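Could you slot chain B onto chain A? The hints should help.
These protein sequences, in sequence, are chains A and B. Be aware that the first sequence starts at 38, since it is given in this note's numbering, and climbs by one per residue. Be aware that the second sequence starts at 38, since it is given in this note's numbering, and climbs by one per residue.
Hints were generated in silico from the structure; no laboratory data involved. One thing to keep in mind: the hints can contain errors.
For identical chains, the list gives no copy identity; a pair is met inside one copy or between any two copies.
Claimed, not checked - Think about it this way: if two alpha-carbon atoms lie no more than 20 Å apart in a straight line, the pair counts; the simulated SDA-like pairs of lysine to any residue are:
| hint | residue 1 | residue 2 |
| --- | --- | --- |
| 1 | Lys374 | Gln66 |
| 2 | Lys380 | Val185 |
| 3 | Lys39 | Ala354 |
| 4 | Lys365 | Ala377 |
| 5 | Lys405 | Asp186 |
| 6 | Lys298 | Asp378 |
| 7 | Lys39 | Trp204 |
Just so you know, these numbers come straight off a predicted model, no measurement behind them.
There are 2 protein chains.
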Amino acid sequence: MKAVGLVTEYNPFHNGHLYHLQTAKRLTQADVVVVVMSGNFTQRGEPTIVDKWTRAQEALANGADLVVELPLFDAVQPGQRFATGALRLLNDLQVAAVVFGAEHPAWDFERLVAAEASFAAPAFTDYRATYATQFNAALVQQTGVSLVDPNDILAFSYFKARAEHKWSMELYPIQRRGSGYHDQSLQTTLASASAIRQAVQDRTDIDDVVPAQTAQDLANLSVIPNWQALYPLLRNHLIQAPVTELRHIYLMSEGLEYRMKEAASRELTFDGFLHAVKTKRYTFARLLRLCLYTVLEATQTEVLNAQPYHHVLGFTAPGRAYLHALKKTVQYPLITKVDADKKATLMNLDYRAGKLYQLFTPVEQDLKHAPIIKLSSKKH
Amino acid sequence: MKAVGLVTEYNPFHNGHLYHLQTAKRLTQADVVVVVMSGNFTQRGEPTIVDKWTRAQEALANGADLVVELPLFDAVQPGQRFATGALRLLNDLQVAAVVFGAEHPAWDFERLVAAEASFAAPAFTDYRATYATQFNAALVQQTGVSLVDPNDILAFSYFKARAEHKWSMELYPIQRRGSGYHDQSLQTTLASASAIRQAVQDRTDIDDVVPAQTAQDLANLSVIPNWQALYPLLRNHLIQAPVTELRHIYLMSEGLEYRMKEAASRELTFDGFLHAVKTKRYTFARLLRLCLYTVLEATQTEVLNAQPYHHVLGFTAPGRAYLHALKKTVQYPLITKVDADKKATLMNLDYRAGKLYQLFTPVEQDLKHAPIIKLSSKKH
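Here chain A stands alone, though its shape is the one from the complex (with noise of 0.2 Å):
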């Protein structure tokens, strides 16, 4: 069996997503869909829409074979470290190709991955402005290409992981279709995800720009989940933890344990904290991620040291036959019931995550849940 991997975060599920995957089945010929998706946190480090079992869900209603969750210790990183942790996922499942979309496919992503590697990574210390912009300035002055828009910026990730790995799989950047992730309009039938968000927060009709199962899945939906409602608790941590403590958190670099402790004491909402954190040396996106992982008092020796495994959220039958196939050979462990030992050691960060996103819907995310098995087939 021939399979396909897609990385993904499905926050949610939308049109845009279901012509990535029917076009990566059909450019690759696959047999099966393997999609290795976010958890119940985006790799901004936000808390997504609806939970993963729901958005695993919306996949396999849309034709994805196997679903299985990257571990929060890889899918909420920059991208690199996203790339890569996804990547090693698809590869210990054998995927022969990776199909994913870009802004520029037919650029020799290959090459940029060369231009970068003879750059020396000490060069980038100007703590005014951030590592990509230092990096894409220079890469600008030896290829000429600038690596500004975010799906070329994961493209080149892919192509560099792989680059680094050593990976056989195949890697198809395609032309991404419909808006971009800025593009709050909802104009066409493929409308970005972020408008989509914003569509149900203000309780416009989104019927024409996702499938049924995502509709169905948001109908219902009173709040979205968001970091307003997880502020009180992250700052209260940052209030009540030493900062020798604090220091200890992956991501709190250079003092900022002092910055954010400050900020909490004086902020009462998180936008006024989060603006009074910021500064040049650190994207919004970085300090969300810090932010997550305070309220998940996960230390740099907890993350460094995480290991790679699958958590499987579902499958079809191909998808079964697909993992049945595979057993024996996969490297990591393969899991599709979470034990207390699970709980405990290799998925203890996911799980506590899962214990977090519980402030947003009752259901328990990790515990005894067993794999959604999606056996009648709908042709797509």
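Structure of chain B alone, referenced to chain A:
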């Protein structure tokens, strides 16, 4: 100037408190009434109905001349440490007498204290019953007196504290008027604080049972601060922090950290959590206090090493004169304005508790907060 001292929570200040205050002044012929009052959390570990500044204002409006905050490490404690901490401050503030209500003011409390001293403490180690239950059984056997009513027990604690520390103030138990703590009736002008809080929640009229200032303070209160609102913070810390850290929390004894972590993972309501943790060995009050210290991330080391101080919340002209006369002779720091140094050291735990209380009110509770000055005197 002769001063009489009162130990209070004023949660909120009601007609029974007014009676207590006026009786104390009349009985002792004191010139000034010095009030030691709990801050934003009660002895039972619950957030107060309105903040400490509002309650200090109520006290000043009704005859108190000087209001000093009982620091949290003494306020949120079993009766004995609560009574000792409060009397320690009143002794340092050189009050001539302390007046308090009791169900049986005629009892010879000094004799009961002597009886207790004769018991061998290690005798009370039956894990199936609380210390209080076992102690009382022994007391009944030796003296015939059953110390079960809450204000009798507190009266006993004052006598015991005075005997242990050889303090010299007079102690006046007086007959408690009006309803008991558990009595929820408003059918009198002397309702219990607990009945009044319930009435506020139910939006029942309370004008007959509280002075004008209190009625005004409570008129616009929409939500009564409660543990259900604090629970997400407690739950998250219990889930995220390792047990090796939780076991250092003040009052966290005998493996309770496992029991609490487990209950937090399972229970989505505070009520469910509390009942999951409860055993015969621990009273609800003890568990509520532990919950508060957990949210404050306060360690045994921190609470056991805390040093007394007088945080002045407000005064009248006579109160100010009394304070002025005392200034050079008090042993503990007299704090009228919390600065960055006090916030970081002596008052750190109270500062953090004030930040936690901001979940219920946006008002800054300590930093740069000047005492309330009530100069216009009002006849009572």
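Structure-based check of each hint:
1. Taking the shortest alpha-carbon separations for Lys374 and Gln66, neither the intra-copy value of 31 Å nor the inter-copy value of 74 Å comes in at or below 20 Å.
2. Taking the closest pair of Cα atoms, Lys380 and Val185 never come within 20 Å of each other, the shortest separation being 39 Å inside a single copy and 45 Å across copies.
3. Taking CA atoms no more than 20 Å apart as the test, Lys39 paired with Ala354 passes inside one copy only; the shortest distance there is 15 Å, against 87 Å between copies.
4. In the homo-oligomer, the alpha carbons of Lys365 and Ala377 never lie at most 20 Å apart, since the shortest distance is 24 Å inside one protomer and 61 Å across protomers.
5. With identical chains, the CA atoms of Lys405 and Asp186 are never at most 20 Å apart, being 40 Å at best within one copy and 48 Å at best between copies.
6. Taking the shortest Cα distances, Lys298 and Asp378 sit within 20 Å of each other only across copies (16 Å), while inside one copy they are farther apart (35 Å).
7. Proximity of Lys39 to Trp204 under the C-alpha cut-off of 20 Å is restricted to the intra-copy arrangement: shortest distance 17 Å within a copy versus 86 Å between copies.
Hints 1, 2, 4 and 5 from the earlier list are contradicted by this structure; the remaining hints agree with it.
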